[in-house]
Amino acid sequence: MEKFLQRIFSKEPSSADRAKDRLRLVLINDRTDLSGAALENLKDDLLEVLSRYIQIDPDRMQIDITQDGRQQRLIADIPISGPVSRKY
Amino acid sequence: MSAKVITITSGKGGVGKTTATANIGAALAKNGQRVACIDADIGLRNLDVVMGLENRIVYDLVDAVEGRCRLSQAMIKDKHIPDLYLIPSAQTRDKTAVSPSDMIRLCDELRPDLDWILVDSPAGIERGFKNAIAPADQVIVVTNPEVSAVRDADRIIGIVEAEEKGTPKLLINRLNPEMVRQNNMLSADDVVDLLAIHLLGIVPEDKNVIISTNQGIPIALDGKSQAGQAYRNIARRIQGEEVPLMDLDKGSGFFNRISSVFGSGD
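First to last, the protein sequences are chains C and F. If you're matching positions, the first sequence starts at 4 in our numbering and goes up one per residue. If you're matching positions, the second sequence starts at 781 in our numbering and goes up one per residue.
Okay, chain F solo, but in the shape it has when bound:
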């Protein structure tokens, strides 16, 4: 068995790439898969805090690439789930410390012992992004239902296709079903219609994401939250299962919907 490399990218910053990487990784590992998450955002390390592993870092990606440690020494074992690992980014200011061919070499070294390698891409379309997509077998583009994020997602999809990495899959993050109902937010259908790529999943806006990130525990491990469920569904889809999209309208009956049309709903 050889691991598949999935790169999570977006173009625009702040749409939830790192949170998506941590949660898809956690959900896959929870399903018994062997997973490594690589933070490819050199100089702006963050996947470590989102996964709650910031206190365990000894070596990082740049140390491994430059041969200061063995690759296995840069792999931090997760606290909650067996077979989940993090390769943290470096806080060095030299963004050219890692090249696309370094990333390919590193992932090839990891492949035999894992099922999935998730690469958390930095925002933008520069070196860090090129590094992140170089080893990818598959690319996931994260966006929010919002004009600037959708526009940047479209640019990124174009670049990924031009780099012959195939058509990426779409993850719509922070969708607010209530605002969609009021016709004040692009719906998932609108976004899919505009970007014209396959939808991997929708993660609703959920305050529990902030709460769990505060604690350094991926929301995917929270059995009750909607966002956690959405990430678990996404992981199953990645594993090849057919999982229908969640009903995000739960708890809003017909009368709620009608009253919201007339402006009295909440």
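Bound conformation, chain C alone:
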């Protein structure tokens, strides 16, 4: 309730919220040994491979690592726009 009220009355996220958000990312990096930049590369590579088989709109593709207890999960949500157009 208090946290809720506080959120309404202040525009800035509280320092505790900032700490939690930052830690969430740091812990995922530490646990997977995968930096933010490496994750971006992984997305690019995935996109390249998948595009050989299906049509993908890169802007609608979502790939993230989420925490599930002490396990990390790579979650990919990739809408398919259609088959790759064949040239023959």
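The reader is advised that the hints may include incorrect statements.
[Stated by the list, open to error] Using 30 angstroms as the maximum straight-line C-alpha spacing, the simulated BS3-like pairs for lysine-lysine come out as follows:
#1 F:K1004 to F:K875
#2 C:K23 to F:K810
#3 F:K784 to C:K23
#4 F:K875 to F:K792
#5 F:K910 to F:K1004
#6 C:K23 to F:K987
#7 F:K949 to C:K23
#8 F:K987 to F:K859
#9 F:K875 to F:K987
#10 F:K784 to F:K857
#11 F:K875 to F:K857
#12 F:K945 to F:K910
Simulated from the structure, these hints should not be mistaken for lab results.
Place chain F on chain C using the hints.
Frame of chain C, contents of chain F only:
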């Protein structure tokens, strides 16, 4: 009966491992348990001063391991509580004086005559830490609700799991309920959410901890302080009792809480 070995560790230094070891030991012994606390921080001995036993040291852990004394001679009897013992660390500079197998052997020798053996681990993830967790049946990770301590705790939990010591239990130390209310400190729920391990207890920030440590008397023996109560609860949970978490919001009524939201509370 054979004693269980519990190692208290943290990764980051200064979060309160030694204080936690002394107090959990004291609280368990107060409940009639036979307890030995081992200081595994070789070169940086400290559990002796926190327990108030620094003037009674004749032999230490390294003396016992290297056979200069019998193990029982390195066990210092506590001043306040019967059946509480300390095996102090050595001030030697040679950190390799003790090995993980030495620690296992030493604890196995102690097990038949005790209920609990608490091992106070040094900070870090090196030899001293490996020594400390080698004999452990159970590991307690101490952290503060603060970014660097939580991050290091997560690393330590990963290592303990990789060493097949099971998932450690969490002790959150120095939580300031007022700062949590103002949303300026990670709450216990936040920390548990991030680390995803079982919470053993929360010890609130309490100036009485410093006062009692100055005197060499564990805060767990102070009937009135919140931190003392928190440690007694933790000891009971270790013994298998179900003890609900303390209400740390005591003394802050609804109006205090509302006014603190609007920035006028203290």
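Checked hints:
Our distance criterion of 30 angstroms between C-alpha atoms is broken by F:K1004 and F:K875, whose separation comes to about 40 angstroms. Between C:K23 and F:K810, the direct Cα distance comes to roughly 38 angstroms. Violation of the 30 angstroms bound is thereby established for this hinted pair. Between F:K784 and C:K23, the direct Cα distance comes to roughly 35 angstroms. Violation of the 30 angstroms bound is thereby established for this hinted pair. Distance check on the hinted pair: F:K875 and F:K792 sit about 19 angstroms apart at the alpha-carbon level, within 30 angstroms; holds.
Taking the CA atoms of F:K910 and F:K1004, the gap is about 37 angstroms. The hint is violated against a cut of 30 angstroms. Annotation: proposed proximity of C:K23 to F:K987 holds, straight-line Cα distance about 26 angstroms (limit 30 angstroms). In summary, the hint linking F:K949 to C:K23 is supported, as the alpha carbons are separated by about 20 angstroms, within the 30 angstroms threshold. Restraint check for F:K987 and F:K859: the C-alpha separation of about 23 angstroms stays at or below 30 angstroms, so the hint holds.
Proposed proximity of F:K875 and F:K987 is contradicted: the alpha carbons are some 33 angstroms apart, above 30 angstroms. Proposed proximity of F:K784 and F:K857 is supported: the alpha carbons are some 19 angstroms apart, at most 30 angstroms. Annotation: proposed proximity of F:K875 to F:K857 holds, straight-line Cα distance about 25 angstroms (limit 30 angstroms). Proximity of F:K945 to F:K910 is assessed by CA-CA distance (about 12 angstroms); at most 30 angstroms being required, the pair is judged to hold.
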